[in-house]
Amino acid sequence: MSQAVRNTYAQVSGEVYAEVRTFYAWQMRRVDALDIEGFAATFTEDGEVVHAGGAVQRGREQMLAGMRAALPRYRDIAVRHWFDHVLIEADPVDGDTLHVSYYSLVTQTDREGNVVFEPTFTVEDELVRRDGVLYTRRRVIHRDTPVEPPVQAG
Amino acid sequence: MSQAVRNTYAQVSGEVYAEVRTFYAWQMRRVDALDIEGFAATFTEDGEVVHAGGAVQRGREQMLAGMRAALPRYRDIAVRHWFDHVLIEADPVDGDTLHVSYYSLVTQTDREGNVVFEPTFTVEDELVRRDGVLYTRRRVIHRDTPVEPPVQAG
Amino acid sequence: MSQAVRNTYAQVSGEVYAEVRTFYAWQMRRVDALDIEGFAATFTEDGEVVHAGGAVQRGREQMLAGMRAALPRYRDIAVRHWFDHVLIEADPVDGDTLHVSYYSLVTQTDREGNVVFEPTFTVEDELVRRDGVLYTRRRVIHRDTPVEPPVQAG
Numbered sequence: 001m002s003q004a005v006r007n008t009y010a011q012v013s014g015e016v017y018a019e020v021r022t023f024y025a026w027q028m029r030r031v032d033a034l035d036i037e038g039f040a041a042t043f044t045e046d047g048e049v050v051h052a053g054g055a056v057q058r059g060r061e062q063m064l065a066g067m068r069a070a071l072p073r074y075r076d077i078a079v080r081h082w083f084d085h086v087l088i089e090a091d092p093v094d095g096d097t098l099h100v101s102y103y104s105l106v107t108q109t110d111r112e113g114n115v116v117f118e119p120t121f122t123v124e125d126e127l128v129r130r131d132g133v134l135y136t137r138r139r140v141i142h143r144d145t146p147v148e149p150p151v152q153a154g
Numbered sequence: 001m002s003q004a005v006r007n008t009y010a011q012v013s014g015e016v017y018a019e020v021r022t023f024y025a026w027q028m029r030r031v032d033a034l035d036i037e038g039f040a041a042t043f044t045e046d047g048e049v050v051h052a053g054g055a056v057q058r059g060r061e062q063m064l065a066g067m068r069a070a071l072p073r074y075r076d077i078a079v080r081h082w083f084d085h086v087l088i089e090a091d092p093v094d095g096d097t098l099h100v101s102y103y104s105l106v107t108q109t110d111r112e113g114n115v116v117f118e119p120t121f122t123v124e125d126e127l128v129r130r131d132g133v134l135y136t137r138r139r140v141i142h143r144d145t146p147v148e149p150p151v152q153a154g
Numbered sequence: 001m002s003q004a005v006r007n008t009y010a011q012v013s014g015e016v017y018a019e020v021r022t023f024y025a026w027q028m029r030r031v032d033a034l035d036i037e038g039f040a041a042t043f044t045e046d047g048e049v050v051h052a053g054g055a056v057q058r059g060r061e062q063m064l065a066g067m068r069a070a071l072p073r074y075r076d077i078a079v080r081h082w083f084d085h086v087l088i089e090a091d092p093v094d095g096d097t098l099h100v101s102y103y104s105l106v107t108q109t110d111r112e113g114n115v116v117f118e119p120t121f122t123v124e125d126e127l128v129r130r131d132g133v134l135y136t137r138r139r140v141i142h143r144d145t146p147v148e149p150p151v152q153a154g
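Protein chains in written order, with full-length UniProt numbering: chain A, 1 to 154; chain B, 1 to 154; chain C, 1 to 154.
Source of the hints: derived by calculation from the structure; they are not laboratory data. Please note that the accuracy of each hint is not assured.
As the list claims (entries may be wrong) - Derived coverage of chain A by chain C (criterion: at least 3 residues anywhere in the stretch with Cβ under 8 Å from a Cβ of chain C; other residues may be distant): (1) 12-20; (2) 67-78; (3) 103-111.
Unchecked claim - Restraint-style ranges between C-beta atoms, simulated for each label pair: (4) A/D91 - C/A90: 26 to 34 Å; (5) B/E61 - A/L71: 52 to 60 Å; (6) A/D91 - C/R129: 29 to 37 Å; (7) C/V50 - A/L71: 40 to 48 Å; (8) B/H51 - C/A41: 42 to 50 Å; (9) B/R73 - C/H51: 25 to 33 Å; (10) C/G66 - B/E37: 35 to 43 Å; (11) A/D91 - C/R111: 43 to 51 Å; (12) A/H51 - C/L71: 24 to 32 Å.
To be verified - Far from chain B by the CB rule (all over 10 Å, computed), these chain A residues: (13) E45; (14) V50; (15) A55; (16) V86; (17) P92; (18) V93; (19) D94; (20) E126; (21) D131; (22) G132; (23) R137; (24) R139; (25) V140.
All of these numbers come straight from a predicted model, not from anything done at the bench. The beta-carbon is built from N, C-alpha and C at its ideal position, and this holds for glycine as well.
Throw the hints in and build the complete structure from the sequences for me.
Encoded structure:
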């Protein structure tokens, strides 16, 4: 079941919390530096990204092609991805698989220093640890949209 | 003494740091999903919230009533609470009580993807651990206001 | 080599992760409260700050003088520094020296609650632990600027 609709949450150890936050600190430096090869290398070879609009990229080659096509729109801006509220859950079967979700805020700063914001997103990742190193195996990006307020009893 | 005016700070273990960050990741998902019952359930039954304007809600029933009344203003926006600089201190007497403060930034994204920001806040929480689960027992929300710069010696 | 251009990253323990995040939570509360003496005390006596524009402050006295001169522009705003993606690496020789880098976003909220943003920054710190307490020994602040997209193979 999606973490978004569950009724409880799992604890995580301090070690794994630091490991995951460090992984994302590294992965986001790569994408924000437009180091698309380095970014793709933080995914498994068969890594998959499901974008908010529904487009799916499967494997590093598709990811690289997609990122290369998107590069021109970053020519004059410094982009930064900010994460928060990371929820981490170990897979019940495979201790080297982690189910993670987090909030994401993206800033774009132009050469004059003006900052604009993309819409906020919530991301669900499946991470896998291989030889002690984390990789993203699957990423599903959800654009945050208004929720219908619950019906109120009279 | 309030954490805002103390001269030092306490260390926290990696385990408790991850526990507290995970608790907030969960609690904020509830409020941002407008799951007001789920959000109220992250407070103790007698939980108390002191809002920035001075209004006080005591107990889950008052909290629920206040949140129900506020729901209409979230009808067309996706709200997200972002936290940072979490300071955690174990109570010197009761190891299952934690005194926590943190920065809070709130984004509101409309259906077109435009992001606006509420004023920033600093929050002080008293958390209590019961059967291994954290709950908020008391929350005091401070709106960030300009401080009077200190007088400068000639 | 700068963390910005390396090809890999170091893991950090949960304990050190929590220690460093707690240190910054405290240090930023000091600067955001305009407690310039308290802020300077989080640096070593010979602490050094290299600002984004190239200006260098060496030692607490120079830091205090610089901050006193800057105080007037904070008279009517509440400033808050937000950090993310903290990368921490223990010095290979001295276990009490940490090399840290992080993203920084700065909000300025006026008395009416309007929030404006400074350009985003990436900061590199050298921290040193003395008698169990962390201090900043050196800080280099980089303003985030657009990167030149890599040349694309035909």
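To see whether the hints hold, each was checked on the structure:
no.	hint	in the structure
1	12-20	holds (count 7)
2	67-78	holds (count 8)
3	103-111	holds (count 4)
4	A/D91 - C/A90: 26 to 34 Å	holds, 30 Å
5	B/E61 - A/L71: 52 to 60 Å	holds, 54 Å
6	A/D91 - C/R129: 29 to 37 Å	holds, 36 Å
7	C/V50 - A/L71: 40 to 48 Å	violated, 30 Å
8	B/H51 - C/A41: 42 to 50 Å	violated, 33 Å
9	B/R73 - C/H51: 25 to 33 Å	violated, 41 Å
10	C/G66 - B/E37: 35 to 43 Å	violated, 51 Å
11	A/D91 - C/R111: 43 to 51 Å	holds, 50 Å
12	A/H51 - C/L71: 24 to 32 Å	violated, 46 Å
13	E45	holds, 30 Å
14	V50	holds, 19 Å
15	A55	holds, 17 Å
16	V86	violated, 6 Å
17	P92	holds, 17 Å
18	V93	holds, 21 Å
19	D94	holds, 21 Å
20	E126	holds, 17 Å
21	D131	holds, 23 Å
22	G132	holds, 18 Å
23	R137	holds, 21 Å
24	R139	holds, 18 Å
25	V140	holds, 16 Å
Hints 7, 8, 9, 10, 12 and 16 from the earlier list are contradicted by this structure; the remaining hints agree with it.
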